[in-house]
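Asker: Chain A is already provided as a structure; the job is to place chain B on it using the hints.
Residues per chain, in single letters:
There are 2 protein chains.
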Amino acid sequence: MATFYGIGIGPGDSELVTVKASRMLKQLDILYTPEAKKNDKSLALSIAEPYLSEHLQIKQRHFPMVRDRSLKEGQWQSIAEEIIADVQAGSNVGFITLGDPMVFSTYAYLLEIIGDRIETKTIPGITSYNSIASEVGVPLVMDEESFAVVPATAGLERLEAALSLHETVVIMKVANYLPTILPLLDKHGLLDTTILVSHASTDRQDVRRGVRDLSFDEKLSYFTTLIVKQP
Amino acid sequence: MATFYGIGIGPGDSELVTVKASRMLKQLDILYTPEAKKNDKSLALSIAEPYLSEHLQIKQRHFPMVRDRSLKEGQWQSIAEEIIADVQAGSNVGFITLGDPMVFSTYAYLLEIIGDRIETKTIPGITSYNSIASEVGVPLVMDEESFAVVPATAGLERLEAALSLHETVVIMKVANYLPTILPLLDKHGLLDTTILVSHASTDRQDVRRGVRDLSFDEKLSYFTTLIVKQP
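Those protein sequence lines, which keep their order, are chains A and B.
No gaps in the numbering here: position 171 of the first sequence is 171 in the UniProt record's numbering, and each next residue is one more.
No gaps in the numbering here: position 209 of the second sequence is 209 in the UniProt record's numbering, and each next residue is one more.
Misleading hints may appear alongside valid ones.
Distance condition first, Cα-Cα at most 30 Å in a straight line; then the derived DSBU-like pairs of lysine-lysine [what the hints assert, rightly or not]:
(1) B/Lys72 x B/Lys59
(2) B/Lys187 x B/Lys121
(3) B/Lys72 x A/Lys229
(4) A/Lys59 x A/Lys173
(5) A/Lys72 x A/Lys219
(6) B/Lys173 x B/Lys72
(7) A/Lys187 x A/Lys121
(8) B/Lys187 x B/Lys173
(9) A/Lys72 x A/Lys59
(10) A/Lys229 x B/Lys229
(11) A/Lys219 x A/Lys173
(12) A/Lys72 x A/Lys121
(13) A/Lys229 x A/Lys173
(14) A/Lys187 x A/Lys173
(15) A/Lys121 x A/Lys59
(16) B/Lys219 x B/Lys72
(17) B/Lys72 x A/Lys173
(18) B/Lys219 x B/Lys173
(19) A/Lys229 x B/Lys173
(20) B/Lys229 x A/Lys72
(21) A/Lys26 x B/Lys26
(22) B/Lys229 x A/Lys173
(23) B/Lys121 x A/Lys229
(24) B/Lys121 x A/Lys26
(25) B/Lys219 x B/Lys229
(26) B/Lys121 x B/Lys26
(27) B/Lys187 x B/Lys229
(28) B/Lys173 x A/Lys121
(29) B/Lys26 x A/Lys121
(30) A/Lys219 x A/Lys187
(31) A/Lys121 x B/Lys229
(32) A/Lys72 x A/Lys173
(33) B/Lys26 x B/Lys59
(34) A/Lys229 x A/Lys187
(35) B/Lys59 x B/Lys121
(36) B/Lys219 x B/Lys187
If you are wondering where the hints come from, they were derived from the structure by calculation, not from laboratory data.
Excised from the complex, chain A in its bound form (with noise of 0.2 Å):
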């Protein structure tokens, strides 16, 4: 039966796919891919590319950024009604997201706008900081501990709150929060205890441990990711 399969593909390196989004992959004849802006374009579609079959049909499709919901809704929607449509037309389609689609992800919306009128599935994947924190061997939990993942976009307020609760915060998107970031960590201190990673898993993966050196204006990548432990 012709199903809409969306697939989490790992944090960057084609190897933490898993077995079973390798073989939904290969099964698609229909791919959507977002089309993000400048050198990210191709990240997650070079990923997935070693499982991809020669008949595939990639179709990339905008998905607007920004985050005045009304401004994407009538994108998301149109994408949606084409992939009902290939689907209804009895083509397996594949929407990838990176790291899993249930963690920040654009496909989430595609799937609530989609609803039951069509078959979904969708495979979970490797999301950043559990293969950062593999990378690096810094257990995210153990025994009674608890963590959150927060994003920089959740304001000052809400990341104090989580980093005074938990013994270990991965806080994510934090490429342009680092002005409010860093004396927050530096106020808590923790500035010497958290681990700084950008394009984990990938041959560009650069990982700091410890964040004092940091400068406010140093130029991150989108895909940079701090996990903050508790000393």
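Answerer: Same frame as chain A, now just chain B:
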């Protein structure tokens, strides 16, 4: 170079192992697995089975699952020494963990003891809650939301604080804690938006949307997780 591999094998479905983990598993000479109690005994091993080579030597070892850390440390120390000796003798040695090696896994203790005495490499895995979220089509986080992963053993106060702070809270290890967790969810009006999953991604998977009808003394598997969503 002979290496010790910590390998996350995901929530239960052998296909939710990463391509990298499947390749590492094939290269192992010796595999250490935790010998758990009762029916759970062979779950980790059965997930990894399709990827194991014929010449593999399996060493089941007892990891005590008790709260008192000092009771466990002697045992970990002796297993770590055994692993170090095997790697120094030229074997590729593996240790498999359900879900991800950096999320509530005994592996983190082994890694701490082993330090840099031998070459180590950790391969991330799909966590149960990421798998569940994809299975039920419920995002863990979108946009500016945050989520937390809290074990039921962390205590009521922390659970309550996490429920107040985050849009989504994953509660793990809930099996024996229903008498304290259910009233807490009721108090916050969360009984109907909580999803319960046992044995994620396996043939025995049990998903319930809403836990209003759950009784305090229901027998739940150790592998039961709640995803609590703010309405």
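Asker: Evaluate each hint against the coordinates.
Answerer: Right, here's what the structure says about each hint:
For a cut-off of 30 Å, the pair hint linking B/Lys72 to B/Lys59 stands: about 18 Å separates their Cα positions. Between B/Lys187 and B/Lys121, the direct Cα distance comes to roughly 44 Å. Violation of the 30 Å bound is thereby established for this hinted pair. Distance restraint check for B/Lys72 and A/Lys229: the Cα-Cα separation of roughly 24 Å lies within the 30 Å cut-off, and the hinted pair is therefore satisfied. Our distance criterion of 30 Å between C-alpha atoms is met by A/Lys59 and A/Lys173, whose separation comes to about 26 Å.
For a cut-off of 30 Å, the pair hint linking A/Lys72 to A/Lys219 stands: about 27 Å separates their Cα positions. Distance check on the hinted pair: B/Lys173 and B/Lys72 sit about 19 Å apart at the alpha-carbon level, within 30 Å; holds. A C-alpha spacing of about 44 Å is found between A/Lys187 and A/Lys121, which places the hinted pair above 30 Å, so the restraint is violated. With a CA separation close to 21 Å, the supplied pair B/Lys187 and B/Lys173 stays within the 30 Å bound.
Proximity of A/Lys72 to A/Lys59 is assessed by CA-CA distance (about 18 Å); at most 30 Å being required, the pair is judged to hold. Between the alpha carbons of A/Lys229 and B/Lys229 the distance comes to roughly 25 Å, so the proposed pair stays at or under 30 Å and holds. Straight-line distance between C-alpha atoms of A/Lys219 and A/Lys173 comes to about 13 Å, which keeps the hinted pair within the 30 Å bound. The suggested pairing of A/Lys72 with A/Lys121 holds, with an alpha-carbon distance near 23 Å, which does not exceed 30 Å.
Under the criterion of a C-alpha separation no larger than 30 Å, the hint pairing A/Lys229 with A/Lys173 is consistent with the structure, at around 18 Å. For the given pair, A/Lys187 sits about 21 Å from A/Lys173 by alpha-carbon distance, which is consistent with the 30 Å threshold. Restraint check for A/Lys121 and A/Lys59: the C-alpha separation of about 19 Å stays at or below 30 Å, so the hint holds. This hinted pair checks out: B/Lys219 and B/Lys72 have alpha carbons roughly 27 Å apart, not beyond 30 Å.
Between B/Lys72 and A/Lys173, the direct Cα distance comes to roughly 38 Å. Violation of the 30 Å bound is thereby established for this hinted pair. Under the criterion of a C-alpha separation no larger than 30 Å, the hint pairing B/Lys219 with B/Lys173 is consistent with the structure, at around 13 Å. Among the hinted pairs, A/Lys229 with B/Lys173 is consistent with the structure: their alpha-carbon atoms are about 22 Å apart, no more than 30 Å. For the hint linking B/Lys229 to A/Lys72, the alpha-carbon distance of about 24 Å falls within 30 Å, and the restraint holds.
Note on A/Lys26 and B/Lys26: the hinted pairing holds, with a Cα-Cα distance of about 22 Å set against a maximum of 30 Å. Of the supplied pair hints, the one linking B/Lys229 and A/Lys173 holds, its CA atoms being roughly 22 Å apart against a limit of 30 Å. Proposed proximity of B/Lys121 and A/Lys229 is supported: the alpha carbons are some 21 Å apart, at most 30 Å. For the hint pairing B/Lys121 with A/Lys26, the CA-to-CA distance comes to about 29 Å; that is within 30 Å, so the pair holds.
This hinted pair checks out: B/Lys219 and B/Lys229 have alpha carbons roughly 23 Å apart, not beyond 30 Å. Of the supplied pair hints, the one linking B/Lys121 and B/Lys26 holds, its CA atoms being roughly 15 Å apart against a limit of 30 Å. The straight-line distance between the Cα atoms of B/Lys187 and B/Lys229 is roughly 14 Å, inside the 30 Å bound, and the hint therefore holds. At most 30 Å may separate the alpha-carbon atoms for a hinted pair to count; B/Lys173 and A/Lys121 meet this at roughly 27 Å.
At most 30 Å may separate the alpha-carbon atoms for a hinted pair to count; B/Lys26 and A/Lys121 meet this at roughly 29 Å. Pair hint A/Lys219 plus A/Lys187 holds up; C-alpha atoms about 23 Å apart against a cutoff of 30 Å. With a C-alpha separation of about 21 Å, the suggested pair A/Lys121 and B/Lys229 falls inside the 30 Å cut-off, and the hint holds. Using a Cα cut-off of 30 Å, the hinted pair A/Lys72 and A/Lys173 holds, with the two alpha carbons roughly 19 Å apart.
Among the hinted pairs, B/Lys26 with B/Lys59 is consistent with the structure: their alpha-carbon atoms are about 16 Å apart, no more than 30 Å. Restraint check for A/Lys229 and A/Lys187: satisfied, since their Cα atoms lie roughly 14 Å apart, inside the 30 Å limit. The suggested pairing of B/Lys59 with B/Lys121 holds, with an alpha-carbon distance near 19 Å, which does not exceed 30 Å. The straight-line distance between the Cα atoms of B/Lys219 and B/Lys187 is roughly 23 Å, inside the 30 Å bound, and the hint therefore holds.
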